[in-house]
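Novice: Residue numbers (my numbering), protein chains in the order written: chain A, 1 to 220; chain B, 221 to 440; chain C, 441 to 660; chain D, 661 to 880; chain E, 881 to 1100; chain F, 1101 to 1320; chain G, 1321 to 1540; chain H, 1541 to 1760.
To be clear, the hints were calculated from the coordinates, so they are not data collected in a lab.
On a predicted model such as this, the values are computed, not experimentally measured, just so you know.
A virtual CB, placed ideally from N, CA and C, is assigned to each residue, including glycine.
Treat the hints loosely; a few may be bogus.
What the hints assert, rightly or not - Here are some chain G residues the structure puts well away from chain F; computed CB gaps all over 12 Å:
{"no.": "1", "residue": "Gln-1351"}
{"no.": "2", "residue": "Ala-1354"}
{"no.": "3", "residue": "Asn-1374"}
{"no.": "4", "residue": "Glu-1381"}
{"no.": "5", "residue": "Gly-1387"}
{"no.": "6", "residue": "Lys-1438"}
{"no.": "7", "residue": "Gln-1451"}
{"no.": "8", "residue": "Lys-1461"}
{"no.": "9", "residue": "Ser-1512"}
{"no.": "10", "residue": "Ser-1513"}
{"no.": "11", "residue": "Leu-1539"}
Said to hold, decoys possible - Below, computed lysine-lysine pairings styled on DSSO-like, alpha-carbon distance capped at 27 Å:
{"no.": "12", "chain 1": "C", "residue 1": "Lys-584", "chain 2": "C", "residue 2": "Lys-558"}
{"no.": "13", "chain 1": "B", "residue 1": "Lys-275", "chain 2": "C", "residue 2": "Lys-495"}
{"no.": "14", "chain 1": "H", "residue 1": "Lys-1625", "chain 2": "H", "residue 2": "Lys-1684"}
{"no.": "15", "chain 1": "C", "residue 1": "Lys-584", "chain 2": "A", "residue 2": "Lys-144"}
{"no.": "16", "chain 1": "E", "residue 1": "Lys-1024", "chain 2": "G", "residue 2": "Lys-1405"}
{"no.": "17", "chain 1": "A", "residue 1": "Lys-40", "chain 2": "A", "residue 2": "Lys-118"}
There are 8 protein chains.
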Amino acid sequence: MTYQEARIDFERLSRLGMIEAVWGEHKTSDQIVAILRSFKAEGQAALVTRVDRNKADIVLEAIDFSGVQFHSEARCLTLGSPYEKNSTFGEVIVLSGGTSDLPVAAEAGLALRWHGIKTELILDVGVAYLQRLLSQLERLKAAKVLIACAGMEGSLPTVLAGLVAQPVIGVPISVGYGVSAGGRAALEGMLSSCSPGLVVVNIDNGYGAAMAALRILQLE
Amino acid sequence: MTYQEARIDFERLSRLGMIEAVWGEHKTSDQIVAILRSFKAEGQAALVTRVDRNKADIVLEAIDFSGVQFHSEARCLTLGSPYEKNSTFGEVIVLSGGTSDLPVAAEAGLALRWHGIKTELILDVGVAYLQRLLSQLERLKAAKVLIACAGMEGSLPTVLAGLVAQPVIGVPISVGYGVSAGGRAALEGMLSSCSPGLVVVNIDNGYGAAMAALRILQLE
Amino acid sequence: MTYQEARIDFERLSRLGMIEAVWGEHKTSDQIVAILRSFKAEGQAALVTRVDRNKADIVLEAIDFSGVQFHSEARCLTLGSPYEKNSTFGEVIVLSGGTSDLPVAAEAGLALRWHGIKTELILDVGVAYLQRLLSQLERLKAAKVLIACAGMEGSLPTVLAGLVAQPVIGVPISVGYGVSAGGRAALEGMLSSCSPGLVVVNIDNGYGAAMAALRILQLE
Amino acid sequence: MTYQEARIDFERLSRLGMIEAVWGEHKTSDQIVAILRSFKAEGQAALVTRVDRNKADIVLEAIDFSGVQFHSEARCLTLGSPYEKNSTFGEVIVLSGGTSDLPVAAEAGLALRWHGIKTELILDVGVAYLQRLLSQLERLKAAKVLIACAGMEGSLPTVLAGLVAQPVIGVPISVGYGVSAGGRAALEGMLSSCSPGLVVVNIDNGYGAAMAALRILQLE
Amino acid sequence: MTYQEARIDFERLSRLGMIEAVWGEHKTSDQIVAILRSFKAEGQAALVTRVDRNKADIVLEAIDFSGVQFHSEARCLTLGSPYEKNSTFGEVIVLSGGTSDLPVAAEAGLALRWHGIKTELILDVGVAYLQRLLSQLERLKAAKVLIACAGMEGSLPTVLAGLVAQPVIGVPISVGYGVSAGGRAALEGMLSSCSPGLVVVNIDNGYGAAMAALRILQLE
Amino acid sequence: MTYQEARIDFERLSRLGMIEAVWGEHKTSDQIVAILRSFKAEGQAALVTRVDRNKADIVLEAIDFSGVQFHSEARCLTLGSPYEKNSTFGEVIVLSGGTSDLPVAAEAGLALRWHGIKTELILDVGVAYLQRLLSQLERLKAAKVLIACAGMEGSLPTVLAGLVAQPVIGVPISVGYGVSAGGRAALEGMLSSCSPGLVVVNIDNGYGAAMAALRILQLE
Amino acid sequence: MTYQEARIDFERLSRLGMIEAVWGEHKTSDQIVAILRSFKAEGQAALVTRVDRNKADIVLEAIDFSGVQFHSEARCLTLGSPYEKNSTFGEVIVLSGGTSDLPVAAEAGLALRWHGIKTELILDVGVAYLQRLLSQLERLKAAKVLIACAGMEGSLPTVLAGLVAQPVIGVPISVGYGVSAGGRAALEGMLSSCSPGLVVVNIDNGYGAAMAALRILQLE
Amino acid sequence: MTYQEARIDFERLSRLGMIEAVWGEHKTSDQIVAILRSFKAEGQAALVTRVDRNKADIVLEAIDFSGVQFHSEARCLTLGSPYEKNSTFGEVIVLSGGTSDLPVAAEAGLALRWHGIKTELILDVGVAYLQRLLSQLERLKAAKVLIACAGMEGSLPTVLAGLVAQPVIGVPISVGYGVSAGGRAALEGMLSSCSPGLVVVNIDNGYGAAMAALRILQLE
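Turn these sequences into a full structure, and let the hints steer you where they fit.
Specialist: As structure tokens, then:
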């Protein structure tokens, strides 16, 4: 039984304007090394998401070529260099309800910066103390797209989308316990939102939110 | 097979300080008439919740004694008169996120007023437009207990409990569609709330929220 | 117990650039008439979604002022006239997997056209016969934003977002039976999508998808 | 990508009368140390909940200032001293159905005592042997608020709220297996309770139940 | 496409000691008539469960042979006569938490009496007012098997099985609203019960509980 | 907003060997008439599934061309004539656990016969009385493919697939109540089956099971 | 905060005829040792269920009194000796569908033998190969009560209860993967069973099934 | 309490044409060794699925007879040799959406080759980049049966079954996170598929898909 592993989508860049990203969580370190080697051979950049430190260390140890780095906060490996900042694209702000949302917010931020997008993270603006969010309102209005990460009951994107007119992308976070464990309550809260025009991605999908923002920013 | 229907808890008043309430939704009109007759015979007041207009009309038609009224907005039948307003108990404010929450908010209000509690309803203060809630803040701080009804993503009680120090009782409402249909998303959002000390009752349980407020107000 | 009904958000237009929309499904015809009268008095346009023909007929009968119309395919009432077509905003295409998705697709289309956005509907391009979608590809690339409605397994937005670089907004539809009844399978399929940057709104939320597109188009 | 971590709500005390509490479960020990240092700098007390012994040991090792303690039974870290007992506030009794509920009951007790509230724990009064609860009834009536923790089928708060007139706060516990694993059955049992006026918090949320009790006790 | 309808299990009586029962809910009146005719031809008794009054009237109208009756409280049709009371079998008591549980309790009672079992119904002994149950305790100890029906949080069988040593069969009831709608909360509460040796049948399955009792009583 | 309705897959026949089928449940009678007219114009046969008698009557009334019939047991409309019996294809037997499964079993049978496949229905061979199934075993071994429909706990396909070597396709049926309502329990039972090589289709999807059998029969 | 741990139900024996059993899974080894010491002091026997080998070793190490044993197959600790075999009670047979069900079947068997009940285990009689079960039928008819353990789709109790007239208690087992992981599919299959009079206990609750059998056997 | 372990179905081969397979996940290494020894004694081949490397190493260490191998990619143990390739049976192609699906695809492939079926694996043809699948179309049409493995939203089998006329067996894979974790979204997507005649097996059930293919191939 022979087979060819990892039929990589080398044309994603020309088709979608996106660097190829590989979901690292259920892949072995051997599979990740082989995939990175293919990209290196093609001269392409790459992003590997959801890699824990242990697996990253094994990959970095096994890699025999240059250009691979681990970003521990965002739990991602990258191959190659980020694109030049493209100032015509406008800025994205990534907000989070609490400090525990950091890994997902950082994944979104890294994916955007790797595509040359100016990005800022504003943590800990959850709605249990509204003043934290309201005090940032003018700053937020300067961004082109807002990505709002929130676990627990996930109200932050709802409140935000009622206050600003730009695109708001909600990212439910799998922190919480009891009914909020796993991020379902946050996800359903965002989907049920009474604020018009809020859109949502899968739980913890910081990369997906970043690519959604990129699709918007790439509209000339 | 003989049996004795409706073993009524005539001692609830002395034990819990609450008028006996009967859940009308799954009872036939015959059962409701028989129960009201028993209360009348005991000289007690009673509240029958979740009665639609059709069933109420049949009950009112069949009743051959005085003192029964239907409250259409709250979908409740009452027997007897409300208690005297008891000003030492303090006031309860019932808020709702949207107009569709009215029947449940009205059920809570009716149950409280029937126990002599001063009550006000403030509708349509949902968080999609925060200013509506913030403009009421001083008014809200005058109440002893706040009951906050909300469907969809159910953020109102969370935002409220972050702003005021009093007891806040969240009532999820079964309005909505898709993931918010049935009120589960609102319920789980309230239970997951990042605001400390928010308590919750069953979906659409306006009566239960009222009795929880009464337990608090009765503390001397 | 006195209260003031329907605390309407008359400032939504200036804050978010959106005509106020009212969710009609759980409101009585009396409540809808009262709300429309308030908007009329303010000289504002309005959109009432999820109104079935029966309720619409009662509302239209009860209305004693001009400017209200029922759009039966989209199940919406409107007050006032649509905005002038704004050609700088670019076009939105609304796709659907099957004929049964029409009401939701039509709701999205109506909401966009009411805000002056050029919109086209392309029905029946489900992935069970790929050629139907592939033959439209060049046409689709001309649009600024794509809204893809799909019930059953909901694959259309996933396949589409792998083919085009623009923003794609998935709308799960509550048609189907067995495991796809209610639209959950379609929703979860879209959220789980392996295509990067697909965003999703609540099941059947055509209006929400339209407002998300509007947020994008309003970015100058 | 720079950001400012942990935008702490230093005004919670003046706004809500509550010491700031930090949810420790999904935070790294580094994040917890940084947060505690901020509170220390502000001269405020703090509570960190859901910290296991391993993480606590690492935090205590890393802390270079005084006043931090680990409470192993309640799985909490505290900074600063508890408030003086405030005898005007009345007493809270925390009950539990079984010995396995101890960590959550202890978290509730610790949070209350840290706010100066007199608190007693009564374990193992589950309804499988009613006499255990009934024998405590007079003792229970002396408390101002009752917090009832129960896993499995979660009947304790229902039975209790049918026996006493005070506020009863149900806390579902995530012990159990099969259908009761995770605490959902207990939660839904409490929400469905046939006893009027029982209120509920999230599964295992001992801290939340304590803050709900505090909101009630702070009513003058 | 020819086929033979309703391959009836005429040997159930000799194999299991049970009269054949037919689940009437999803059958047409034509199907029910045909099935009853087959039993009549075989000289066997039969029970048809979950038949509403409308369908029963159509069946009774269409039947052209004697011995069929409708039992409206239990929503069952019977063919033939009940067995002689068999005093060696001992008695079954069917309890219910509330009046709304009557149809299911009556179905259980009818099925038992049709097999010659002495049966009593005791309604309205829900645990929100424990005294109602405790006052019946001596009476209950005289029965051989206890069937306890309860909706909402379904605590009655748990409390009962902690008080008596006989077999207790819990029947969850689909009354309730919000999280208790459909009877899932009651079912899961009974399965999670902390009382040892409580057994459970499907929601609303009064007939099944009766047959479980019969299996026990038939042990000589 | 103009659009072209019902982009029909006229090439399905040449591509997959299947007559085009239209899912009628969420379509209006107007939509169904228009679709049938398109097929008539193309000279193709068609099958419309899940049409209740009321909708069928309206369609038949509105149709102004020949060749449309309603099959009430199978709840289907057909256009055109069934294919000639193709004896090289072998026979399919459709089994069902109970009489209530008839509509789905009949839908499968109709779809097969319309493609020229010899088909027999054997109802009421549920596993509560094994002898009914075992007595048919030799008959079953003569078929090329077996389709087994079952509601409730859905054991029939599991037991069957342990007894015979041919392909067995399980069809869960949405009859039942309590935990088996809607067919989920039957579906999950079939998917969990301990019998090797049992395959499953969606709940009530008789048409899908028939097309799966057709794919098998069309080999070589 | 002082409290008294483990309010043990020493009267369970006289009230229910059952040795006190303690659920060991969520208790610390310290708690288990303390509880066993209390029983020892009272001169009572005890059973601790769901104890893994590691925890058992720590307990056995810490115990400073005689009479405690670990039963590794059943994952239980016992204190004291089993009761004398009571031949008037009749025999219980515990069946299982597969070898993986052994720990739960063994827990049921141990609990019964500790109460003096004659018990036999018959493993691996799952319905994927019916002959295994049918060949045991005469042996099974000799037992007074049958306990049938099954994971995956859980058909064994259904098939069994259609073949024999005695009480059958179904125990769903949490083995399986995909939709059968955790035992829900088996549980719902048993509750949905088309065999009359099958009763069910919680997933993996071997002890509960044993106590249900004991309640039946104790009927004189 | 004596019992006979592992009542093995040695007749499966003659009855179903399948080598006996044992589900290894919840069995101890001792149980697996004992089962393999029984097969060896009978001179039969065997397959043990879902065995991780650790358990496999312990089994291989303990085995004192020849013919047992571990297949690490497929996580299976085998006893004996594969059957001769049977060229009359035709070929099976196993496809997968992504590299992470490899273990399940390999399990299917191994099970087929062990029965003498020619099999090829084609990985990484997910629908996010359609061209990968479309470029293989001619190759796919040469196979007799297609097994399509996919996690996340699971669209691959739907798209495939719309393109080819052969039997397509969908295998949902438990890779993913958020709503796709555990494979439920993929499973429900496949069951809801708009492509006619797609059949499905349990999540990760590569072995089951292989046996379903075998049932088809064995039809002469």
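Novice: Taking the hints in turn, state whether each one holds.
Specialist: Going down the list of hints, with the structure as the test:
no., hint, result
1, Gln-1351, "holds (35 Å)"
2, Ala-1354, "holds (39 Å)"
3, Asn-1374, "holds (31 Å)"
4, Glu-1381, "holds (40 Å)"
5, Gly-1387, "holds (41 Å)"
6, Lys-1438, "holds (28 Å)"
7, Gln-1451, "violated (9 Å)"
8, Lys-1461, "holds (15 Å)"
9, Ser-1512, "violated (3 Å)"
10, Ser-1513, "violated (5 Å)"
11, Leu-1539, "holds (26 Å)"
12, Lys-584(C) - Lys-558(C), "holds (10 Å)"
13, Lys-275(B) - Lys-495(C), "holds (22 Å)"
14, Lys-1625(H) - Lys-1684(H), "holds (15 Å)"
15, Lys-584(C) - Lys-144(A), "holds (16 Å)"
16, Lys-1024(E) - Lys-1405(G), "holds (24 Å)"
17, Lys-40(A) - Lys-118(A), "holds (26 Å)"
Against the hints set out earlier in the document, violations occur for numbers 7, 9 and 10.
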